[in-house]
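Participant: Chains A and B are the protein sequences, given in the same order.
Just so you know, we're using our numbering here: the first sequence kicks off at 71 and counts up by one.
Just so you know, we're using our numbering here: the second sequence kicks off at 4 and counts up by one.
If you're looking for bench data, these hints aren't it; they were derived computationally from the structure.
Take the hints with a grain of salt, since some may be wrong.
Claimed, not checked - To give a feel for the contact side, a few chain A residues facing chain B, derived at Cβ under 7 Å: (1) M103; (2) G129; (3) A131.
Unchecked claim - Taking lysine-lysine and the DSS-like style, the derived pairs with C-alpha atoms no more than 30 Å apart in a straight line are: (4) K77/A <-> K215/B; (5) K92/A <-> K321/B; (6) K92/A <-> K379/B; (7) K77/A <-> K321/B; (8) K112/B <-> K78/A; (9) K379/B <-> K78/A; (10) K168/B <-> K78/A; (11) K283/A <-> K215/B.
Stated by the list, open to error - Label pairs and their calculated CB-CB ranges: (12) E95/A <-> D98/B: 28 to 36 Å; (13) K31/B <-> P276/A: 52 to 60 Å; (14) P108/B <-> R101/A: 38 to 46 Å; (15) E367/B <-> R101/A: 51 to 59 Å; (16) D98/B <-> K304/A: 48 to 56 Å; (17) S113/A <-> T366/B: 47 to 55 Å; (18) G363/A <-> P229/B: 18 to 26 Å; (19) A94/A <-> Q290/B: 51 to 59 Å; (20) T14/B <-> I225/A: 40 to 48 Å; (21) A386/B <-> D139/A: 36 to 44 Å; (22) G323/B <-> K281/A: 32 to 40 Å; (23) R274/B <-> R291/A: 37 to 45 Å.
Ideal placement from N, C-alpha and C gives every residue a C-beta, glycine not left out.
Given next are the chains, with one letter for each unit.
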Amino acid sequence: MGDRMAKKDLIGGSLWEQYSNKVAERMNSPRFMGEISEEEANSRGMKLVIADWGAEACGDAVRLYWLIDPKTQRIVDARFKSFGCGTAIASSDVMAELCIGKTVDEAVKITNIDVEHALRDEPDKAAIPPQKMHCSVMAYDVIKKAASLYKGVDISAIEEEEIVCECARVSLKTIQDVIRINDLKTVEEITQYTKAGAFCKSCIRPGGHEKRKHYLVDILRDTREKMQMEALKKQQTPLQDFHSMTLIQKHRAIEKVLDEKVRKALFRDGGSMEVVDMKESDGRISVYVQYAGSCAGCASATTGTLSFISEVLKQELDEAIDVYPV
Amino acid sequence: MERIYLDNNATTIVDPLVKDAMEPFFCKMYGNPNSLHSFGTEVHPYMRIAMDRLYAGIEASDDDDIIINSCACEGNNTVIQGVYFDMLRGGGKRDTVATSQVEHPSVMKTFEFLESLGVHVVYLPVNADGIITPDVLKENIDPERTAFVSIMWANNETGLINPVKDIAAYCREHGILFHTDAVQAVGKIPVSVKDVQPDFLTFSAHKFHGPKGIGGLYIRKGVNIPPLIHGGEQMGGKRAGTLNTPYIIGMGLAMELAVKNLPFEATEVRRLRDLLEDRIAAIPGTQVIGKRELRTPNTILVSFEGIEGEAMIWDLNKQGVAASTGSACSSESLEPNPALVAMGMKDDLAHTGVRFSLSRFTTEEEIDRAALCIQKAVERLTAISTHGR
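Based on the provided sequences and hints, a complete structural model is requested.
Facilitator: See the structure below:
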């Protein structure tokens, strides 16, 4: 959607200038504005669906009328009413037009992006500025509502995937995947890759234009946390590979075993120990340890405790480990 | 099509007399007033007249400062940030500052900035009339710990006038510095610092038929804050930057004319405003915000039930009528107008508010035509609306 250069952004008030001529035309004379009555539907032998979406308190409300041929499930006529700004009215008008002639199942596939494209004057130039994309989303939601009413199912049955950014129609899974595959670290990167958050910005973080179930900041944090955990696990699991680890990885593995199996035991007796050095030669690993606390002066530290530490490390990691006191 | 301008709270036409007064200082007397040569000194008499007009306009004493700056946004920032810098330097026991929930962004955002730096900021709610009174202050702040209060004189959206004299007296009594953003008051109602006695007051020329990009910051004698813009010796070292000679001269005359026209504002502008308001009120489903007697004489904020604000100004604009809206969809940001929300408006009202603001250049013929345009827009958009099925 049109690049937003700094120079272009410095002087405001260009909102209406960014509307396409089609948006202005539809706003000025909507073609499918109006109502369809029950009598009319009955007299034509059609089924009438009236769907409401949004609320005036939220600044946007739209009502969609569908006249459906029960034999073919085809929408033979559509009308709308709208409490909303110019974009909302123009989008609703195009949306109603796009519904006509389609079956209910086909109509459900119409998205706000289709509506926006239909409002373009030129194929490559956005019909509305990014922050107004939000106002076209209603047009999509109300179709789902109408379809759910017609089919007598819950609206959640119509939506196939969990959408995070309504404006750009980006799903939760897409966002999680793009973070993983491209190792994304910022919300700006997510927006660059997917367009999610590029329009009304509500989905970026709480406190925007409208409340959302998912926010990009949370998805990014959670996904990265998960990635980190997985990376850690990967590092930790192959104990049998101890031999092929680098010295640092070996040190980490030893520290982990010492934490889990040795230090706890020593701590009960008021003692402690630490690794002060490690050497590797001829396929054997020498671990130099120093005692602290009650172990430091304990007579058995050089005998019983030492062999205990040595046994644990050999058992848990590698037979080739030798432990020496310092 | 003759267009009709009813957005005078956003900005005003420059009075042709003001434009003429500025003219010689672009190509004839263009010297820098701080220069010692004749090019610089020849503008001094005109500058002195301009300053005299500004001082007289708000009844400031010669011992007070009126710092000329670029606009009220700058003035508001200078005061609020300056007070904060002083708090940092002073280290006194007063650690709280307060403002209202309905301030202009130049005040609101600056307080939010201070808050982000760790200052305790109280955002005062308006009362049932939509205004801030000393009672609101008493209920919400600890006067012992409050260093500074900033309350606008008149609200830009509603035109509602706050009792700044009483608020100033309350602050003075408790040793609290008081600032008022008088941008929407100057030129519409009498503004006297002698009467109200604030510590700081800010105004902007383009709201009273002066040029854009020039304004003033009044600072009472004996009150000191550091400058926002450091540099040269201009404005006694309190605001650096080469003096904008033609604009200062223009603002001076604009102030004099604005004050001279106050009786006209109070009678004729008010009459036309009331005329328009009555015509609008006669349309079913409209609600004007704020009691008439509490508002500046030029402003109407009205909600058209079931009609989104941007759609309304779109239709009005098509007919050549310029109005404005604080509704979410009209501005570049989609945030609902916090001022309207703070005034306790129902949420849908915050999306339907449209502001009409007149000036002394508005004519009765324009009001008559605007009323018809409003009627027409309401009829068309009501037919489209989901409201009232």
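Participant: May I ask you to test the interface hint for M103/A with respect to chain B, counting a Cβ-Cβ separation under 7 Å as satisfied?
Facilitator: At about 5 Å, which falls below the 7 Å cut-off, the nearest Cβ of chain B leaves the hint on M103/A intact, so it holds.
Participant: Does the Cβ-Cβ separation between K31/B and P276/A fall within 52 to 60 Å?
Facilitator: holds, 58 Å
Participant: Confirm or reject the claim that P108/B and R101/A have a C-beta distance inside 38 to 46 Å.
Facilitator: Given about 39 Å between the Cβ atoms, the range holds.
Participant: Given the hint that K283/A pairs with K215/B, does the C-alpha gap stay at or below 30 Å?
Facilitator: With a Cα-Cα distance of about 44 Å, the restraint between K283/A and K215/B is violated, given a limit of 30 Å.
Participant: Between E95/A and D98/B, does the C-beta distance stay in 28 to 36 Å?
Facilitator: violated, 57 Å
Participant: Return holds or violated for the Cβ distance of S113/A and T366/B against the range 47 to 55 Å.
Facilitator: holds, 54 Å
Participant: For K77/A and K321/B, compute the direct alpha-carbon distance and say whether it is at most 30 Å.
Facilitator: Given pair K77/A, K321/B holds - Cα atoms ~28 Å apart, limit 30 Å.
Participant: Assess, step by step, whether the Cα of K92/A is no farther than 30 Å from the Cα of K321/B, and give holds or violated.
Facilitator: Given pair K92/A, K321/B holds - Cα atoms ~15 Å apart, limit 30 Å.
Participant: Is the interface hint satisfied for G129/A? The criterion is a beta-carbon contact with chain B at less than 7 Å.
Facilitator: With Cβ-Cβ at 4 Å, under 7 Å, it holds.
Participant: Does the alpha-carbon distance linking K379/B and K78/A stay inside the 30 Å limit?
Facilitator: Since the Cα atoms of K379/B and K78/A sit roughly 35 Å apart, the hinted pair is violated (cutoff 30 Å).
Participant: Between the beta carbons of T14/B and I225/A, is the distance compatible with 40 to 48 Å?
Facilitator: Since the Cβ atoms of T14/B and I225/A sit about 46 Å apart, the hinted range of 40 to 48 Å holds.
Participant: Holds or violated: 36 to 44 Å for the Cβ distance of A386/B and D139/A?
Facilitator: violated, 28 Å
Of the numbered hints stated above, those contradicted by the structure are hints 9, 10, 11, 12, 15, 18, 19, 21, 23, listed in ascending order.
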